[in-house]
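Engineer: Residue-level listing of the chains:
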Amino acid sequence: RKEVEQDPGPFNVPEGATVAFNCTYSNSASQSFFWYRQDCRKEPKLLMSVYSSGNEDGRFTAQLNRASQYISLLIRDSKLSDSATYLCAVNSPGTYKYIFGTGTRLKVLA
Amino acid sequence: DTAVSQTPKYLVTQMGNDKSIKCEQNLGHDTMYWYKQDSKKFLKIMFSYNNKELIINETVPNRFSPKSPDKAHLNLHINSLELGDSAVYFCASSLRAYEQYFGPGTRLTVT
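So the sequences go chain by chain: A and B.
Under the numbering used here, think of the first position of the first sequence as 18, with each following residue one higher.
Under the numbering used here, think of the first position of the second sequence as 1470, with each following residue one higher.
Bound conformation, chain B alone:
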């Protein structure tokens, strides 16, 4: 059974489009995260939800909007995609502030 899953795995789209990435975890964790890993492999936190409440909101363009319908799900919607949004987006989950477990990533390419 996959612990943290993301869909889609690959996303190729044109500039200006709107897209969503979905994440689900079956670990019973109460905290979920979105990270962006750019071409230089730097893994940067974007958002985090604890029990459906937004607790981390880093300096991210407001074109990015996370949503957590319940503790097991965290989605990321991106409006008006730009070339610089191309990256791998990882979802992760944890129990409170303990170790995090990552999903397989969504490789986003904006053309």
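Looking at chain A on its own, in the form it has when it is part of the complex:
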């Protein structure tokens, strides 16, 4: 099993739709999780941290499911500008190292 796995997509959704991605991780001791957004030919940009209790930032909601070892990202009311690749990052316990998923590509269609 890979350390961090994501469905590569693409997820093609119409504007206004709600879409959710998951990211599974193999090390149950991992404590820190983040979602990043990467546009084509650009650097990954921090989207949001993922807290144990779940957190929301506008149209974006991140959740952590420790029992099943995955994090999720929910995007409500999708905009064309949400089209990007979404990467999850999972901490390697006891280190400063983060393992990144290969990303899930989202295309929001007009």
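Hints may contain errors.
Unchecked claim - Here are the computed lysine to any residue pairs in the SDA-like style, where the Cα-Cα straight-line distance is at most 20 Å: (1) 1513/B to 1557/B; (2) 1536/B to 1489/B; (3) 114/A to 64/A; (4) 59/A to 1578/B; (5) 19/A to 1515/B; (6) 1536/B to 113/A; (7) 62/A to 1576/B; (8) 1505/B to 1519/B; (9) 124/A to 28/A; (10) 1513/B to 1556/B; (11) 114/A to 1542/B; (12) 1513/B to 76/A; (13) 62/A to 1526/B; (14) 19/A to 1489/B; (15) 62/A to 74/A; (16) 62/A to 1568/B; (17) 1513/B to 1471/B; (18) 1509/B to 24/A; (19) 124/A to 97/A.
To be verified - Some chain B residues near chain A, calculated using beta-carbon distances under 7 Å: (20) 1500; (21) 1511; (22) 1525; (23) 1530; (24) 1566; (25) 1568.
It should be emphasised that the hints constitute simulated quantities derived from the structure, not laboratory data.
None of these values were measured; they are calculated from a predicted model.
Glycine included, C-beta positions come from ideal geometry on N, C-alpha and C.
Position chain B relative to chain A; hints supplied.
Structural biologist: Positioned in the frame of chain A, the structure of chain B alone reads:
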């Protein structure tokens, strides 16, 4: 103000050459990283420094040598470049092991 900057943005060079990439951050972070993102878009950690001390050194050919002259700077020197070194190299920084902020990347093409 750019938080994490890298130079150069593009680097085209021939096999066998030696090249360096520079990174600087003005976020006051104490930890800096080098990542390689290949053509399949997989982002892989190469090195990390915390307060100028090497703390992550992944399985990377010893042709790659990082140097951190101070907390705000991290450079990457690559000797005897090979075709397989072609990729985008990202620098990132963080405060301890918290969220990382990435530079704009250096697109290296080895011909």
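Engineer: Are the hints correct? Go through all of them and say.
Structural biologist: Results of checking the hints against the structure:
no., hint, in the structure
1, 1513/B to 1557/B, "holds (11 Å)"
2, 1536/B to 1489/B, "holds (10 Å)"
3, 114/A to 64/A, "holds (18 Å)"
4, 59/A to 1578/B, "holds (16 Å)"
5, 19/A to 1515/B, "holds (18 Å)"
6, 1536/B to 113/A, "holds (18 Å)"
7, 62/A to 1576/B, "holds (17 Å)"
8, 1505/B to 1519/B, "holds (19 Å)"
9, 124/A to 28/A, "holds (6 Å)"
10, 1513/B to 1556/B, "holds (11 Å)"
11, 114/A to 1542/B, "holds (19 Å)"
12, 1513/B to 76/A, "violated (29 Å)"
13, 62/A to 1526/B, "violated (24 Å)"
14, 19/A to 1489/B, "violated (32 Å)"
15, 62/A to 74/A, "holds (15 Å)"
16, 62/A to 1568/B, "holds (10 Å)"
17, 1513/B to 1471/B, "violated (23 Å)"
18, 1509/B to 24/A, "holds (14 Å)"
19, 124/A to 97/A, "holds (8 Å)"
20, 1500, "holds (6 Å)"
21, 1511, "holds (5 Å)"
22, 1525, "holds (5 Å)"
23, 1530, "violated (19 Å)"
24, 1566, "holds (4 Å)"
25, 1568, "holds (5 Å)"
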